[in-house]
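Protein chains: 2
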Amino acid sequence: MTAIRPAQPGQTLAEIDTPALVIDLDAFERNIATLTKSLVGRSVRVRAHAKTHKCPEIALRQIAAGAVGVCCQKVSEAEAMVEGGVGDVLVSNEVVGAQKLARLARLAKRARIGICVDDPAQVAALGDAVAAEGAQIDVYVEIDVGARRCGVAPGEPALALARKIVATPGLHFMGLQAYQGSAQHVRTMADRRAKIDAAIEAARSTRALIVANGIACPIVTGAGSGSFMFEAASGVYDELQPGSYIFMDADYARNEWAPPLPRFEHSLFVLATVMSRPVPERIVVDAGLKASSIDSGLPTVWNRPGLEFTRASDEHGVIEAKPGTLAPALGEKLLLVPGHCDPTVNLYDWYVCVRGGMQIDSSGGKVEALWPITARGALT
Amino acid sequence: MTAIRPAQPGQTLAEIDTPALVIDLDAFERNIATLTKSLVGRSVRVRAHAKTHKCPEIALRQIAAGAVGVCCQKVSEAEAMVEGGVGDVLVSNEVVGAQKLARLARLAKRARIGICVDDPAQVAALGDAVAAEGAQIDVYVEIDVGARRCGVAPGEPALALARKIVATPGLHFMGLQAYQGSAQHVRTMADRRAKIDAAIEAARSTRALIVANGIACPIVTGAGSGSFMFEAASGVYDELQPGSYIFMDADYARNEWAPPLPRFEHSLFVLATVMSRPVPERIVVDAGLKASSIDSGLPTVWNRPGLEFTRASDEHGVIEAKPGTLAPALGEKLLLVPGHCDPTVNLYDWYVCVRGGMQIDSSGGKVEALWPITARGALT
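Note that the protein sequences, when read in sequence, are chains A and B. Residue numbering for the first sequence follows the working numbering, beginning at -4 and increasing consecutively. Residue numbering for the second sequence follows the working numbering, beginning at -4 and increasing consecutively.
It is worth saying that the hints were derived from the structure and are not from the lab.
Once the Cα atoms are required to be at most 35 Å apart in a straight line, the calculated DSBU-like pairs of lysine-lysine come out as:
1) K317(B) - K190(A)
2) K361(A) - K104(B)
3) K159(A) - K104(A)
4) K317(A) - K159(B)
5) K190(B) - K317(A)
Reference listing, derived: stretches of chain A covered by chain B, where coverage requires no fewer than 3 residues with Cβ under 8 Å from a Cβ of chain B:
6) 108 to 116
7) 139 to 152
8) 284 to 294
9) 340 to 346
Beta carbons: idealized from backbone N, C-alpha and C, even for Gly.
Kindly generate the complete structure, drawing on both the sequences and the hints.
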């Protein structure tokens, strides 16, 4: 990562060079508090997903707010988290390949590490890697609860894998990874709940089968920001893995939000500058698809009614002004809400953390901190 | 950027950990040679676009093959190129904001630098920045030749800007930036040619107007990998800016290619590993949208008929095997052709450069070099 910091403490938003990835610290902290409050009285724990933020500074704040640790998707992300002081990491994903498994086993001697499996060959390779390092590791069987991505089918295939884990020295069978990722952005509450109900039933019956066969299954883990209160109320899930709740991107904002799910606030923004205004109704900003990932839709323009982000090329964002809208001037700065927070964060080396409001003038907040995104680009 | 190298010289593709961004050096060098050969006998020069690769190692090879220098889209990219030894850089884009203009002016004291403008206020600010540093800079007026992004309208507005540039100390009016970006991926040759013909006419008439008003207009620059032979034959364009020709992504491959345009070869790949195979017809690789940008379509699977990449999430790629296809095994490696090379490159810190063929077994090539992507994440 680059050591050059993109801003200085004390600067206003107007003074920050662009594009920059900005956190509204007040909203970010309210989001963390909202999650904690939502779960008061529930016997579930939170294991926040660090693939969203890739930043130990944030992980440590989530843990301070009650999370037991974090999830990661990659061994290299987990390494960055442990390096940053996190003591308990679940790689909520399959890890395949001798190089990665050796690194994972070494990491498991420095921190509590969990890993998911969905294939007997993977269990064997993991057992070999752990034995070679003299390590111990928590292992979860991933079951496919409807997302049709990784994971064995619920029921007997999961039991067979649990048996193999139990029989392998160094591996501790901890339970089930049961994440319904494809449900998170289902727009209506009713449709989302229906998908999660199916996931809950798959997890419940699979755990019951494993327990009935004499194997303890202490943890069912899963859930995301778009559904976690359903899993929390299920009596089946023990651990929740929300990630995006801290930032709340434009795609999540298109969901229907109603109780029991709290509505989180946008706290992550791309600060951009108007670099061209060839005609009054067309404004071009210096933030394109290398500054804000468009895989889940274009960014939206924050608090500027009548301005619509309509097109992104590599380094340009085209914004159209509706008739009657006061179009921003050349050099003016705008805040964009990314379409999808996780891959957008992965484009930056630093968060610019602002406290005191997001007005882009002297009444707005100031830079309080710069947090390095140490797991940016952590792919292996 | 991370100092940890993702591979070692001498390794085979099978030995490289994944995901990794791999260059087939043989195909890459053939692409560079193909461009050079295509322009034999034409009085146009090449200024290769470095936004594609963000790597001085590649820029120096393009210059060695005849390019006069490179284009960049951002000041920070230009800084990385100059730092890497490139002596002539055109920022083929507008630059707005005092911080960036000061950096650009400082850079113009270390190398020959060009910049585009499309607004009188930008010319004034550039003049101030250049004067403050005692620098000199080449300036091009960007005209909108059909892409509806940046650029003034052809004709009188361009002449007015040229006059302002000529009147500003330290600024050298060099000509017109006339890039028809939206034509590059128009699928049929005929439709693409029609769009470029309109761009050529806009550039021709605008230059004629400027010259008729007593202002020299030495360079018309523009063109991309999808159209450059049309501009080369126009008698209007003096300089071509192709970028993607070195790599040739999956989206460009969907274009119709016919003479006079040469068809380039795929030379950029994402090496991925099968991390899960829950059912025989569904394979999950460890390369999702954080490993291969999907803004211009999903990646394709290289040289494996019957395998289709159908879905990407952050860190997963789902590949479906058509009936009768031999599906790859858990742990097997596959090569993906990125949908769009530029934003995919921007996800990595290193190219792993392989020579001797892309077979993923002992008959294939070996890692010859690792090239750092020093302008990765260069957004400002």
